[in-house]
Amino acid sequence: MSFSTTKHVSQDPAYLVDSALRSLTLLNPSLRLDAQQKAVYYPLPTTPDEQHQQHVAVISGGGSGHEPSFGGLVGPGLLSAAVCGTIFASPSSHQILSAIHRVSTFSNEILVTVMNYTGDVLNFGMAVEKAKAAEHDLQVEMLVVADDVAVPRSKFGKVGRRGMAGTVLVQKATGALASLGYGLDDILAVGRLLCHNLATIGVALDKVHVPGRDSETFLSHGLAKDEAEIGLGIHNEPGCLRVQGADMELSALVRSSLDQLLNPNDPERAFVKNWSGCPILMVNNLGGLSVLELGAALTEVVTQLRETYGMRPNRIISGTFMTSLDCRGFSITLLNDISLAEFGVSHDIPSLLDHPAGAVGWSHNINSSHRTLDQGQMDGTSGAVYSIYMDALQQYFRARAPDAIAVDSFFWSKALTNALSVLAKYTPARRGDRTLMDTIIPFVETLDKTQNIGEAIKDAELGALSTKHMRAGLGRSVSLGFVRFPGRA
1 MSFSTTKHVS QDPAYLVDSA LRSLTLLNPS LRLDAQQKAV YYPLPTTPDE QHQQHVAVIS
61 GGGSGHEPSF GGLVGPGLLS AAVCGTIFAS PSSHQILSAI HRVSTFSNEI LVTVMNYTGD
121 VLNFGMAVEK AKAAEHDLQV EMLVVADDVA VPRSKFGKVG RRGMAGTVLV QKATGALASL
181 GYGLDDILAV GRLLCHNLAT IGVALDKVHV PGRDSETFLS HGLAKDEAEI GLGIHNEPGC
241 LRVQGADMEL SALVRSSLDQ LLNPNDPERA FVKNWSGCPI LMVNNLGGLS VLELGAALTE
301 VVTQLRETYG MRPNRIISGT FMTSLDCRGF SITLLNDISL AEFGVSHDIP SLLDHPAGAV
361 GWSHNINSSH RTLDQGQMDG TSGAVYSIYM DALQQYFRAR APDAIAVDSF FWSKALTNAL
421 SVLAKYTPAR RGDRTLMDTI IPFVETLDKT QNIGEAIKDA ELGALSTKHM RAGLGRSVSL
481 GFVRFPGRA
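Heads up: the sequence shown runs through residues 1 to 489, numbered per full-length UniProt numbering.
It should be emphasised that the hints constitute simulated quantities derived from the structure, not laboratory data.
Just so you know, these numbers come straight off a predicted model, no measurement behind them.
Do not take every clue at face value.
Claimed, not checked - Each computed DSBU-like pair below joins lysine-lysine, with the alpha-carbon atoms no more than 30 Å apart:
| no. | residue 1 | residue 2 |
| --- | --- | --- |
| 1 | K225 | K7 |
| 2 | K449 | K414 |
| 3 | K225 | K158 |
| 4 | K425 | K414 |
| 5 | K158 | K132 |
| 6 | K458 | K468 |
| 7 | K425 | K449 |
| 8 | K468 | K449 |
| 9 | K458 | K425 |
| 10 | K225 | K155 |
| 11 | K458 | K414 |
| 12 | K155 | K132 |
| 13 | K273 | K158 |
| 14 | K273 | K155 |
Generate coordinates for the entire structure from the input sequences, incorporating the hints supplied.
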C-alpha cells in the first residue's frame, strides 16, 4: 500500500498544465506561449548580426509533470521551443508540427530532441517527417536520448533504454552549441556522442499519484512504508530493485545506484564502457525531496564516487531539472567528459554546460560561474604568471580537495602556498622586484599565518603600493631606471 499523498491543489490536470505554462511567461516576459498548442517559445535572434551568430533552433518537449522540463528550459542558450502534452502523455504530432513551422520562420535548421518513450518518438518523428515534406529547404533532425540503466538489455528489447534527467545535459550542451553558431550537422553529431556517454539511475521512496486519476488504484499499487525502489521510472514504470530496512539508508541507496551505473562487469547495464576519472555529475530532485535531503544525497554520491570508484567530478550540477510530479526521490546522472575535437568543436563539455543560459529552469551553479584564466584572455607576462599560478591551484584542488568535504581557510592557505611554490620554479621574481609577486607573496604568506582573508588582502594592497618606491628588478621597466610613480606615499 502506498504512503504517498493523493492530495493536490487541483484534481483537474488540464487546468494545472495550462496554468503552469502560463506561469513561465510571468517569470520570463520574453517568452511566448501558444496556449492552444501548449508550446512555449523564445523569440530567436531577429537582427542580422544575431541571426548570423545562431542559425540552428533546438526544440524539445514531452508529457507534462516533469517540470521544469521542458517549458522551463526554453530561453537563450538552451531550448528555442518546447511542446507539452498532458500529464505523462506525449503531445500530438499536430502540436509539434505547429511548433516546427513557427520556429522555421526564423531558422531553417532545427534539432528536435526527445526522450526515448514510444509516444514521444512516434509523435515527434511524425512531425519531423511532415515538416520535411512540406518545406524542402528545411533541415530538421531528431535526436533521441536514452540514458536510463534500470532496465537491463535482456528486457528492453527493441524499445531501448528510457530517457531520464540526462536529457537535460544533452539539451544544455546542444543549446550552447547552437547559440555559439555551430551548424546542425555538428550539433547533431555531438548530441549523439553525448548520448553514448551518458547514464542515469533513479531512486524513489514511492510512486506518484497523477491528479485526476483514481486514488484507490494508486494506493493499492504503491510501495510499502519500509520500501524504496531503485530504478523507478519518471512515469511510475517499474525499477530494477526494491529494498527494505537498512538497505533504505541513504548510503546504501547510493551504493546500489552507483553499482547499477558503474559496474563494468554487469553485461546487462554496462552501457558506457570506459568512464573517465572526472565525469560530469548531476544529482536531480525528482520533485518531492527536501533541499536538505537532496544536499545529503549529493554529498553521499560525491563521497562514494571518490572513495569507491576514484572519480572526481569535473562539474557538479544539483537541483530540480526533471521531475516526476512530487516524487520523493532523486536521480544520479554521469556524463563522460570526452573530447569534441573530432567534430571541429573547440569547446569542451564543461564549457558548454557553463555557457550562459536564460531559462527559468536552469539553475546556475557557483562552480560553473568561473571563466577560464589563460593566456588567450590575458596575454603577455601577466597572463603567463596568472595562468601558471591558477593551473597549479586547480591541480592542488583536484588532487586534495576530495579528501576534505569542507574546504576551509586552512585548506585555501595550503593550496595558495603550493601554487606560489610552483610559480617560483618558472620565474626568478621575488618580493622587492617590482612585479606581481609583490602582491601575491604577502597575500599568501599572511593568509597562511593568520587564516584571515581580510588581513591578507590588506597586506596584498600594501605590497602593491610599495612598488611605487622600488627599482625594477625584472621586466622591461629595468631599462627605464628608477621611476617614481605619483600617488599616495
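Consistency of the hints with the structure:
1. Distance check on the hinted pair: K225 and K7 sit about 18 Å apart at the alpha-carbon level, within 30 Å; holds.
2. Our distance criterion of 30 Å between C-alpha atoms is met by K449 and K414, whose separation comes to about 10 Å.
3. With a C-alpha separation of about 35 Å, the suggested pairing of K225 with K158 is violated against the 30 Å cut-off.
4. Only pairs whose Cα atoms come within 30 Å are accepted, and K425 paired with K414 is accepted, the gap being roughly 17 Å.
5. Annotation: proposed proximity of K158 to K132 holds, straight-line Cα distance about 26 Å (limit 30 Å).
6. Taking the CA atoms of K458 and K468, the gap is near 17 Å; set against the 30 Å cutoff, the hint holds.
7. Restraint check for K425 and K449: satisfied, since their Cα atoms lie roughly 23 Å apart, inside the 30 Å limit.
8. Proposed proximity of K468 and K449 is supported: the alpha carbons are some 26 Å apart, at most 30 Å.
9. Simply put, K458 and K425 have alpha-carbon atoms about 26 Å apart, close enough for the 30 Å limit, and the pair holds.
10. As the CA atoms of K225 and K155 are separated by approximately 28 Å, the hinted pair is consistent with the 30 Å bound.
11. Between K458 and K414 the CA atoms are separated by roughly 19 Å; this keeps the pair inside 30 Å, and the hint holds.
12. For the given pair, K155 sits about 34 Å from K132 by alpha-carbon distance, which is inconsistent with the 30 Å threshold.
13. Pair hint K273 plus K158 holds up; C-alpha atoms about 21 Å apart against a cutoff of 30 Å.
14. Restraint check for K273 and K155: the C-alpha separation of about 20 Å stays at or below 30 Å, so the hint holds.
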